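Start from the sequences, fold in the hints, and give me the full structure.
The chain contents come next:
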Amino acid sequence: MHEEYTKSEFAAQTALTDKKNLGIIYVLCVCLSMSNTISKHAIKIENLTKRFEKVTAVDDLSLEIGWGELFGLLGPNGAGKTTVINILSTLLEPTNGVAAVADHDVVFGADEVRKIIGVCPQEPAFYQHLTGRENIELMGDLHEVPKDVLKDRVETMLKKIGLEDDADRRAGQYSGGMIRRVSTLMALISDPKVALLDEPTVAMDPVSRRAVWDFIRELKSNGKSIILTTHYMEEAEELCDRVGIIDQGKLIALGSPKELMEEHHAEDLEEVFIKLTGKKLREGF
Amino acid sequence: MSLRRTLALVKKNMKMFTRQPAVLFLLLLFPIIVTATFGLAFGGMGQGGVTNFDIGLLNLDAVSTDPQWTNSFEGNLTELEGITVTYFDDNASGQSELLQGNMDAFIVIPEGFGDSCTSYWNSPFDGSSWINTTVELYVDSGSMIASSAIPPLIQQVVLKTMFGNDATTLDLPVDIGSPTLVEASYFTQWDFMAPGIFAFASIFMIMIVAQSLTEERDGGLLKRLGTTPLKSHEFMLSQVISYMLIAVVQVFLVFAASFLIGYRPATDAAGLGFAFAILLAFSLVNVGFGLIAATISKSAEIASGLSFIFIMPQMFFGTFMPLGGLTETISRFMPSNYVTEAITTLFLRGAPVTTLSIWSNLGIVLVSGLVLLLIGVVLFRRYSTR
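Here the protein sequences line up with chains A and B, keeping their order. Counting along the first sequence from 1, when you hit position 65 you're at 64 in numbering that gives the first Met the number 0, and nothing is skipped either side. Counting along the second sequence from 1, when you hit position 344 you're at 343 in numbering that gives the first Met the number 0, and nothing is skipped either side.
By construction, these hints were calculated from the structure, which means they are not laboratory data. Keep in mind that this is a model prediction, so the values were computed, not measured. Glycine residues also receive a C-beta, built at the ideal position from the N, C-alpha and C atoms. Hints are not guaranteed to be accurate.
What the hints assert, rightly or not - Where chain B lies over chain A, by a calculated footprint (3+ residues, C-beta under 8 Å): (1) 86-95; (2) 102-116; (3) 137-145.
Claimed, not checked - Simulated restraints, written as ranges between beta carbons of each label pair: (4) A/GLU217 with B/ARG3: 26 to 34 Å; (5) A/GLY254 with B/ALA21: 49 to 57 Å; (6) A/ASP213 with B/ARG3: 41 to 49 Å; (7) A/ILE273 with B/ALA21: 45 to 53 Å; (8) A/ASP110 with B/ARG263: 50 to 58 Å; (9) A/GLY222 with B/SER298: 37 to 45 Å; (10) A/ASP204 with B/PHE275: 47 to 55 Å; (11) A/SER174 with B/GLU300: 24 to 32 Å.
Listed below in structure tokens is the structure:
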């Protein structure tokens with residue numbers, strides 16, 4: 000998609016230099032309209048700061064995430080991961096700086112952002128008295144997924160994540176792992192261009208976690224951009240193209256897991272974190 | 000504005016209501032129970048609107064030389080529809096039965112009653128020659144209906160005894176156009192209470208609105224919905240539609256329950272339709288109050304308690320509780336009072352739907368509902384969602 004955008008820019012420039020060619024001018028119009036929908040970056044964050052009274056949750060964060068990239072945001076509890084997700088999902092407004100999803104500002108273009116994101120919150124929010132299927136379908140309805148597509152998609156996704164047998168039970172009766180899987184499907188049923196997954200596998204049993212990992216991999220293979228916050232290092236190493244490590248709201252390292260481990264002469268990301276901050280990633284859990 | 004999103008939330012709300020026994024009880028079963036209980040207790044099943052009165056009678060003029068007068072009095076009394084007469088031999092036992100609530104009234108025909116009547120007819124225009132006596136009437140002060148209905152009935156019996164059947168057809172230059180008190184004696188206590196009960200039945204919707212919204216907020220669901228394309232006004236509209244649907248079912252059930260226990264309001268289909276409409280408008284008031292209660296509540300448990308700030312005044316100053324003095328002034332600020340007043344005018348006074356006062360009552364309820372809803376929406380959006 001990035002490449003297509005570059006082509007469209009080129010086409011526009013060509014057309015402008017040869018105004019006799021009406022066909023190219025037409026192409027220019029088409030390309031310009033396309034450039035409104037196809038952005039260079041899936042997510043762009045510049046000098047983002049978020050303060051809650053005297054506490055600075057996110058401190059001057061800058062980040063760019065490409066289309067089709069699975070980006071891991073790592074850090075201990077209270078590092079500011081969820082605050083970043085909440086800003087990107089339009090729930091919070093930044094104190095300073097800007098954040099954009101597919102070139103839509105999260106404050107001024109919030110309505111557009113909400114159409115293209117799928118958010119899986121840290122605490123699974125679901126209707127206990129609805130069945131798992133009904134919870135997922137509700138989110139599909141809110142995104143106005145065509146009815147026939149929604150029905151097929153729900154069936155397919157339930158099978159993939161291993162919930163087809165329990166889908167028609169009330170969600171209030173589910174185990175913690177099942178609830179998290181339903182919550183993940185609620186976030187992804189709209190087939191979002193950008194998925195914001197806030198610790199989707201926390202407190203999950205190994206089987207459920209593997210199912211979610213497979214699911215996330217498939218999303219990535221379909222060209223979705225995914226931000227995944229986690230404090231499971233093996234999860235980040237297994238899934239992410241790049242990771243950003245944040246501590247006390249600041250981005251302290253950025254790169255692929257392999258690059259970071261090589262750069263810091265560490266065997267895993269946990270060791271990278273210890274070398275950078277002098278503390279363990281899961282301290283205090 | 001997306002109809003699909005709004006209807007999806009309405010559908011969700013309906014499923015949530017029907018799958019929670021406690022909510023279902025408060026929204027549907029509670030109004031039926033209140034209606035049936037009050038209706039049976041204060042009305043009586045299938046009596047066609049006629050009240051029965053138990054009246055005790057002590058005749059101290061039994062040894063009169065002219066017993067036709069006491070016989071006539073007793074006959075006229077027992078002839079009245081819905082009157083059951085019990086005879087007593089002494090004053091004390093009659094008074095005792097009255098105090099224990101076993102009778103609605105106790106009448107003592109004094110010694111010399113017959114002589115008194117005869118003295119009148121001997122010289123009807125010479126008051127100085129009359130032998131004056133007093134029929135003592137004791138009414139159950141614990142019964143509002145008995146207190147108001149029995150004295151004029153006894154007055155009617157005395158007149159009939161003195162003047163015969165012509166008493167009610169005497170050609171007088173002054174007439175009472177509408178014998179309201181006599182008509183009222185055919186109403187049961189339930190007839191007076193029913194309009195207020197209809198309004199009361201839906202007041203508890205405030206608590207359900209407040210509880211369900213705080214639960215959605217505390218469970219992170221409102222935040223989650225806030226990350227979807229759903230607009231605030233679509234969410235609020237879905238709430239209003241959901242609770243208005245509940246109100247439709249509530250009103251239908253309450254009317255059906257009261258019909259089954261024998262209640263027949265003095266109105267026609269148009270009157271019933273109007274009552275339906277004003278109760279629907281009242282549901283807007285309740286949703287508005289519910290939203291305000293949800294905004295100021297930090298949890299669903301607190302919301303239940305805080306809802307009573309809005310429920311109690313509406314209940315005490317606008318439904319079936321008797322009003323007077325200061326309470327009547329306060330009631331002017333209660334939307335429920337206008338609902339009760341309009342339904343009373345239709346169902347009890349038998350006014351037609353063209354009556355201006357009921358339309359002004361509807362206007363007040365509707366405007367109050369819209370204003371409260373607007374306040375509730377603004378407060379809830381500002382302080383509860385993001």
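For each hint, the structure was consulted:
1. 86-95: holds (count 4)
2. 102-116: Holds: 4 residues of the segment 102-116 of chain A have a Cβ under 8 Å from chain B.
3. 137-145: Coverage by chain B holds for the segment 137-145 of chain A (6 residues, Cβ < 8 Å).
4. A/GLU217 with B/ARG3: 26 to 34 Å: holds (28 Å)
5. A/GLY254 with B/ALA21: 49 to 57 Å: For B/ALA21 against A/GLY254, whose Cβ atoms are near 54 Å apart, the range 49 to 57 Å holds.
6. A/ASP213 with B/ARG3: 41 to 49 Å: 31 Å Cβ-Cβ, so the 41 to 49 Å window is violated.
7. A/ILE273 with B/ALA21: 45 to 53 Å: Given a distance of about 51 Å, which is inside 45 to 53 Å, the answer is holds.
8. A/ASP110 with B/ARG263: 50 to 58 Å: With a Cβ separation near 55 Å, A/ASP110 and B/ARG263 satisfy 50 to 58 Å, so the hint holds.
9. A/GLY222 with B/SER298: 37 to 45 Å: For B/SER298 against A/GLY222, whose Cβ atoms are near 43 Å apart, the range 37 to 45 Å holds.
10. A/ASP204 with B/PHE275: 47 to 55 Å: Holds: the Cβ-Cβ distance is about 54 Å, inside 47 to 55 Å.
11. A/SER174 with B/GLU300: 24 to 32 Å: At 26 Å between Cβs, range holds.
Violated hints amount to a single one, hint 6; each of the other numbered hints is respected by the structure.
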